[in-house]
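Chains S and Y supply the protein sequences, listed in that same order. Heads up, the first sequence is in the numbering used here, so the first residue is 57 and it goes up one at a time. Heads up, the second sequence is in the numbering used here, so the first residue is 990 and it goes up one at a time.
Since the hints were derived computationally from the structure, they do not count as laboratory data. Virtual Cβ for every residue (Gly too), placed ideally from N, Cα, C. Misleading hints may appear alongside valid ones.
Stated by the list, open to error - Between beta-carbon pairs, the in silico distance windows are: (1) Y:Leu1037 / S:Glu89: 22 to 30 Å; (2) S:Glu58 / Y:Ile1032: 33 to 41 Å; (3) S:Trp75 / Y:Val999: 38 to 46 Å; (4) Y:Lys1089 / S:Val180: 17 to 25 Å; (5) Y:Leu1037 / S:Val88: 37 to 45 Å; (6) Y:Val1036 / S:Thr169: 41 to 49 Å; (7) S:Pro155 / Y:Gly1029: 42 to 50 Å; (8) Y:Tyr1026 / S:Asp176: 33 to 41 Å; (9) Y:Gly1029 / S:Ser80: 46 to 54 Å.
What the hints assert, rightly or not - Quick partial rundown of chain S residues pointing at chain Y, CB under 10 Å, derived from the structure: (10) Thr70; (11) Val137; (12) Pro181.
Stated by the list, open to error - Stretches of chain Y that chain S covers, calculated by requiring three or more beta carbons in the stretch to come under 8 Å of a beta carbon on chain S: (13) 1055–1061; (14) 1083–1092.
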Amino acid sequence: MEYNFIGLASAAATFLGVWLGHVSVRKIEREVEHVWIPATIALALGITLEFASLQAESLVVAAFCGILGITLLWDALELGVRQPRRIIKGHAPANPKNPRHARMLAAYPEATTVDLLERDPRGVPYSEEELFVLKGKK
Amino acid sequence: MDWFGILVGVSTLCIIGMGFGWVIRGERYFGYLWWPYTMGIGILLMVLSVFVANEYASALLGAAGASLLWGSTELKEQAVRGELGWYPFHARKIEPPFAKIIKKWKAPSL
């Protein structure tokens, strides 16, 4: 029986792409003031990997590059648009040392420096009062 | 020029997108304690992909497995998101077999 390693390469690229994207988008967006710079780099890397997948002779390499490239293209969107929206809504913690985040904290009352997801589920929804306390606003 | 990689990449993006959907709805109605089961199914799909001869099927099976594996690490955070009111909260969840044992384990979160 012959083994097919395309599936494993795809799995590795998918997990790596989602994991790296998830962690690095949060970290980079938090630290960088001009977010268009890393977003453009992610866009360029994504396009490069897609071209590499077109040229690859091995299907394993093609799948790996194709998947990693497309997740990088998505990361560019996350960096430039979706993560800043989470900061504005208070769904991700703002970094007061980052001038862009400091402006968001000043302009949007929902924005917070607290990471509200850093807790275990308790099985019961939080009340409005509890949310104010969690955000350090009361 | 072979479009295999790009087609697999676009399909994988759709699979990842569906992953967001099942994590949100799955957690709402079943709860985060199902994470060992989704993790197990994810690993199983990745192992199965090695034995599938068709390149597209193998690639998509592997990607689906990895997406399930990732989703299992997202369930705990999604449960908190529901409790914080960012998503609809459903109190009566369908607990998995061995829920009492799973509660003692630390749910993965990356």
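query = Going through the earlier hints one by one, which of them does the structure break, listed in rising order?
reply = 1, 2, 3, 8, 9, 11 and 14
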